[in-house]
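Going by UniProt numbering, the sequence shown opens with residue 1, and the numbers climb by one from there.
A few of these clues could be false.
Label-pair restraints from in silico Cβ distances [unchecked claim]:
| no. | residue 1 | residue 2 | range |
| --- | --- | --- | --- |
| 1 | Val11 | Ile63 | 24 to 34 Å |
| 2 | Gln50 | Glu91 | 29 to 39 Å |
| 3 | Tyr3 | Ile66 | 17 to 27 Å |
PhoX-like mimics (lysine-lysine), calculated; alpha carbons at most 25 Å apart, straight line [claimed, not checked]:
| no. | residue 1 | residue 2 |
| --- | --- | --- |
| 4 | Lys128 | Lys86 |
| 5 | Lys5 | Lys80 |
| 6 | Lys86 | Lys126 |
| 7 | Lys86 | Lys108 |
| 8 | Lys31 | Lys126 |
| 9 | Lys86 | Lys31 |
| 10 | Lys68 | Lys80 |
| 11 | Lys86 | Lys68 |
| 12 | Lys75 | Lys5 |
| 13 | Lys108 | Lys128 |
| 14 | Lys126 | Lys108 |
| 15 | Lys108 | Lys68 |
| 16 | Lys31 | Lys5 |
| 17 | Lys75 | Lys86 |
| 18 | Lys108 | Lys75 |
| 19 | Lys75 | Lys31 |
| 20 | Lys31 | Lys108 |
| 21 | Lys128 | Lys31 |
Derived by calculation from the structure, the hints in this document are not laboratory data. We treat Cβ as the ideally placed atom computed from N, Cα and C, and that holds for glycine.
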Amino acid sequence: MTYIKSPVSTVCLGAASSMAALLLTGGEAGKRYALPHSSVMIHQPLGGTQGQASDILIYANQIQRIRKQINEIMKRHINKSFGHDKYSLEEIHDLMERDNYLSAEEAKSMGVIDEILTRREEKDLKEKDSTEEHKTKP
Numbered sequence: 001m002t003y004i005k006s007p008v009s010t011v012c013l014g015a016a017s018s019m020a021a022l023l024l025t026g027g028e029a030g031k032r033y034a035l036p037h038s039s040v041m042i043h044q045p046l047g048g049t050q051g052q053a054s055d056i057l058i059y060a061n062q063i064q065r066i067r068k069q070i071n072e073i074m075k076r077h078i079n080k081s082f083g084h085d086k087y088s089l090e091e092i093h094d095l096m097e098r099d100n101y102l103s104a105e106e107a108k109s110m111g112v113i114d115e116i117l118t119r120r121e122e123k124d125l126k127e128k129d130s131t132e133e134h135k136t137k138p
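Required output: the full structure, derived from the provided sequences and hints.
Below, the structure is given as structure tokens:
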């Protein structure tokens, strides 16, 4: 998505797992959303092969290369949302070692998404409460 000149918004409706989570994270920083009860699952690449040992080794090397690329992409997009390197490549590697299921709140705090979408009325109430709170503080 970095090739596209226009900013790309991404939205998680329900679940974004595996490569879908990578696409969700790859949206324009500030424009990555999820619904409140959505989940995001990140993990290392998955694959399988059979055949001669030399062919299996070739495939295993390819999976490791893809894993490194995916980790670098995730690191770049997650850290972009914070404006600094919050996560190292090793930390991203550890986060994606096994299936890692994130709630919408966890995905937001990790930097996978930027905002959790709520009903318009709820958002208006929160903004109103926040404004009134600021007015009452000395």
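Here is what the structure says about each hint:
1. Val11 x Ile63: 24 to 34 Å: 30 Å, holds
2. Gln50 x Glu91: 29 to 39 Å: 34 Å, holds
3. Tyr3 x Ile66: 17 to 27 Å: 19 Å, holds
4. Lys128 x Lys86: 32 Å, violated
5. Lys5 x Lys80: 17 Å, holds
6. Lys86 x Lys126: With a Cα-Cα distance of about 28 Å, the restraint between Lys86 and Lys126 is violated, given a limit of 25 Å.
7. Lys86 x Lys108: 14 Å, holds
8. Lys31 x Lys126: 20 Å, holds
9. Lys86 x Lys31: 19 Å, holds
10. Lys68 x Lys80: Satisfied, since the Cα-Cα distance of roughly 18 Å is no more than 25 Å.
11. Lys86 x Lys68: Roughly 18 Å separates the two Cα atoms, so the pair holds.
12. Lys75 x Lys5: 21 Å, holds
13. Lys108 x Lys128: 23 Å, holds
14. Lys126 x Lys108: Roughly 18 Å between the alpha carbons, so the hint for Lys126 and Lys108 holds.
15. Lys108 x Lys68: At roughly 23 Å apart (the allowed maximum being 25 Å), Lys68 and Lys108 satisfy the hint.
16. Lys31 x Lys5: 15 Å, holds
17. Lys75 x Lys86: 9 Å, holds
18. Lys108 x Lys75: 15 Å, holds
19. Lys75 x Lys31: Distance ~17 Å between Lys75 and Lys31 Cα, so the pair holds.
20. Lys31 x Lys108: Since the Cα atoms of Lys31 and Lys108 sit roughly 12 Å apart, the hinted pair holds (cutoff 25 Å).
21. Lys128 x Lys31: Between Lys128 and Lys31 the Cα gap is close to 23 Å, so the pair holds against 25 Å.
Hints 4, 6, counting from the list given before, are not met by this structure.
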